[in-house]
Amino acid sequence: MSLVLIAEQVLNGLQFGVMLFLMAAGLTLIFGVMGLINLAHGSLYMVGAFAAAAVAGATGSFLLALVAALAAAALAGAIVEMVVIRRLYAAPHLDQVLATFALILIFSEGTRWVFGSFPLYLDIPDWLSGPVTLPGGIAYPLYRLALIGVGLAVAAGLWWLTARTRLGIQIRAGENDREMVAALGVDISRLYTLVFALGAGLAGLAGALVGAIQSVQVGMGEPVLILAFVVIVIGGIGSIKGAFIGALLVGLTDTLGGIFLPELFKLFMEPGAATQTGSALASMAIYILMSLVLVWRPSGLFGARA
Amino acid sequence: MKKTLLATAALILAAGAAMAEVKVGMITTLSGGGAGLGIDVRDGFMLAVKQSGRDDIDVVIEDDQQKPDIAVQLADKMIQSEKVDVLTGIIWSNLAMAVVPAAVAQGKFYLSPNAGPSALAGAGCHPNYFNVAWQNDNLHEAAGAYANTAGHKNTFILAPNYPAGQDALTGFKRFFKGDLAGEIYTQLGQTDYAAEIAQIRASGADSVFFFLPGGMGISFLKQYADSGVGLPVVGPAFSFDQGILQAVGDAALGVVNTSQWSKDIDNPTNKAFVETFQAEYGRLPSLYASQGFDTANLLISALDKAAPSDADAFRAALEAADFSSTRGAFRFGPNHHPIQTIYAREVIKEGDVFTNKIIGVALEDHADAYAAECKM
Numbered sequence: 001m002s003l004v005l006i007a008e009q010v011l012n013g014l015q016f017g018v019m020l021f022l023m024a025a026g027l028t029l030i031f032g033v034m035g036l037i038n039l040a041h042g043s044l045y046m047v048g049a050f051a052a053a054a055v056a057g058a059t060g061s062f063l064l065a066l067v068a069a070l071a072a073a074a075l076a077g078a079i080v081e082m083v084v085i086r087r088l089y090a091a092p093h094l095d096q097v098l099a100t101f102a103l104i105l106i107f108s109e110g111t112r113w114v115f116g117s118f119p120l121y122l123d124i125p126d127w128l129s130g131p132v133t134l135p136g137g138i139a140y141p142l143y144r145l146a147l148i149g150v151g152l153a154v155a156a157g158l159w160w161l162t163a164r165t166r167l168g169i170q171i172r173a174g175e176n177d178r179e180m181v182a183a184l185g186v187d188i189s190r191l192y193t194l195v196f197a198l199g200a201g202l203a204g205l206a207g208a209l210v211g212a213i214q215s216v217q218v219g220m221g222e223p224v225l226i227l228a229f230v231v232i233v234i235g236g237i238g239s240i241k242g243a244f245i246g247a248l249l250v251g252l253t254d255t256l257g258g259i260f261l262p263e264l265f266k267l268f269m270e271p272g273a274a275t276q277t278g279s280a281l282a283s284m285a286i287y288i289l290m291s292l293v294l295v296w297r298p299s300g301l302f303g304a305r306a
Numbered sequence: 001m002k003k004t005l006l007a008t009a010a011l012i013l014a015a016g017a018a019m020a021e022v023k024v025g026m027i028t029t030l031s032g033g034g035a036g037l038g039i040d041v042r043d044g045f046m047l048a049v050k051q052s053g054r055d056d057i058d059v060v061i062e063d064d065q066q067k068p069d070i071a072v073q074l075a076d077k078m079i080q081s082e083k084v085d086v087l088t089g090i091i092w093s094n095l096a097m098a099v100v101p102a103a104v105a106q107g108k109f110y111l112s113p114n115a116g117p118s119a120l121a122g123a124g125c126h127p128n129y130f131n132v133a134w135q136n137d138n139l140h141e142a143a144g145a146y147a148n149t150a151g152h153k154n155t156f157i158l159a160p161n162y163p164a165g166q167d168a169l170t171g172f173k174r175f176f177k178g179d180l181a182g183e184i185y186t187q188l189g190q191t192d193y194a195a196e197i198a199q200i201r202a203s204g205a206d207s208v209f210f211f212l213p214g215g216m217g218i219s220f221l222k223q224y225a226d227s228g229v230g231l232p233v234v235g236p237a238f239s240f241d242q243g244i245l246q247a248v249g250d251a252a253l254g255v256v257n258t259s260q261w262s263k264d265i266d267n268p269t270n271k272a273f274v275e276t277f278q279a280e281y282g283r284l285p286s287l288y289a290s291q292g293f294d295t296a297n298l299l300i301s302a303l304d305k306a307a308p309s310d311a312d313a314f315r316a317a318l319e320a321a322d323f324s325s326t327r328g329a330f331r332f333g334p335n336h337h338p339i340q341t342i343y344a345r346e347v348i349k350e351g352d353v354f355t356n357k358i359i360g361v362a363l364e365d366h367a368d369a370y371a372a373e374c375k376m
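Taken in sequence, the protein lines are chains A and B. Counting from 1, one number per residue, gives the positions in the first sequence under the UniProt record's numbering. Counting from 1, one number per residue, gives the positions in the second sequence under the UniProt record's numbering.
It is worth saying that the hints were derived from the structure and are not from the lab. Quick caveat: nothing in here was measured; it's all calculated off a predicted structure. Mixed in with the good hints, there may be bad ones.
Some chain A residues near chain B, calculated using beta-carbon distances under 10 Å [as the list claims (entries may be wrong)]:
| # | residue |
| --- | --- |
| 1 | 5 |
| 2 | 11 |
| 3 | 93 |
| 4 | 94 |
| 5 | 124 |
| 6 | 127 |
| 7 | 128 |
| 8 | 129 |
| 9 | 136 |
| 10 | 139 |
| 11 | 212 |
| 12 | 219 |
| 13 | 220 |
| 14 | 223 |
| 15 | 267 |
| 16 | 279 |
DSSO-like mimics (lysine-lysine), calculated; alpha carbons at most 27 Å apart, straight line [unchecked claim]:
| # | chain 1 | residue 1 | chain 2 | residue 2 |
| --- | --- | --- | --- | --- |
| 17 | B | 153 | A | 266 |
| 18 | B | 357 | B | 375 |
| 19 | B | 177 | B | 357 |
| 20 | B | 177 | A | 266 |
| 21 | B | 173 | A | 266 |
| 22 | B | 23 | B | 305 |
| 23 | B | 50 | B | 271 |
For each residue, glycine too, the CB sits at the ideal point set by N, CA and C.
Construct all of the structure, not just a fragment, from the sequences and the given hints.
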């Protein structure tokens, strides 16, 4: 196994990680600030991808498609918050799970109703397609490099937003003591709608960015949602920093585990069986990681609440 | 007056006896990522039922959500409370393995319009189980045979880690004579193949064989085209069916894939099928639609001869496969799986639409490898 291959796989893990971060950031914000378990987060990811595919198909512009994805998912998020979620803040988590699970079904069948059952076409724009050669002779797709860049930029932006702006102060305050924040005259329900729309918009952006290299289809959000939950549990619920570190850990573990475990098993098993056992174990790797982290730190790496 | 009334009643009774309702339970995937396949099978099946003009076939359709536990529940419900005579519709091999053995053990007939796991073709075969599509290995065996003729010597193979994926790689290796540059099992439902593509690039292969049905294939092909690896690709038709080609776009152009059906197979049944399917549903049919259509026509041909309540006669009628298939000649082997010709097709663009064109025969009159193990 050459060094070039390992470097390329690390890049792949990073790219997967930062895309997971876009999903997990919104999820962890919503859970941290509002105490809400939002299972429908994956549907907002799907809404972003479908909006991007529709706009890219109509206009041919990828940038417009990204803007549309962000806007459509944020809008869908805001509407969902105002119509459904707002009634659930005082409700027990089980009711929230039930209601947001219903939202998944509504979004999925609604999307099928509008766009049909067959996957949509969304492709990488010409100016981002094809591989580039990195130092060390690694040929790597330009688009994936761009994804890493976008993900890191969003992470920096979110850090700035929560640490340096008035809105960020309100978000962090709302996390700690929502009654006190409301008593100080902050319009808490407007703040919640805003946070929800922000989380939704990030999910939509991730959906559009990833949709260009995957398939834009109904149900595309659910597998990512499960991973995003693993990420925020590892990172500590409510922590943006935790979501970032957790996402990179999950991205790298999943990618590198898929490569190295089968190789490892080949040392002492015959190749066919080794690939099968190795792949089976690789798909468990992130859950093993999660349990190890939880044994070590029951509230996650950066979790504030026990 | 009384006499005519009696006569009418007798007539109705007689008609009722001749036209005993047949209940068909269709369990298929109509929601989620795999819905395109189930919808095509359903639409093909219902088109054939409609064209037969028979109103005594009552089809109960349920969505399995691509989940084995749901499929088992639906099968139980259909057998216990709906009292269906024949079951059909399952797309995925892991679902078929969960449903079929129990259903046929209860004396029901199962006609598979898609999944053909090796376990049901060999030692686990059953007199009441018929596969109208293919045994899972078949299209991959044909891909292996095609890779030989295309001169591939050192190929990299990958498939998802589930029964049909394992059958796929086994099938390919059974016919491919060259060396393997690498062999990978991916996760079922995986959407990112960057890691696998990097391994392909580093392996020194001269070609790639992959089996990744539905959305997985779309993701792989788009990422593969963008990676610039550029080695020739061979695959079964499942990643190049009419439903997903439009979503793959240019990345699929020129790829050779193997299929038992194509819309340009030249026979009157197929021509009429493609035309009427397009008129009815406003899209081109896929191989899944052709399999659904053939399954219904097989069922109708058997119903013309016997009722499912007369199990032996009905089974004999199914075995005869006395219907005109979209694939041309159609016959069953001793294990109730098709013996058929498998073609090599190339992805082309017709106007704005991506579709397939036959470029040759990959395997002629091909039977599956498990028939000898089947004792029934």
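Please list, smallest to largest, the hint numbers that this structure does not respect. 3, 4, 6, 9, 15, 18
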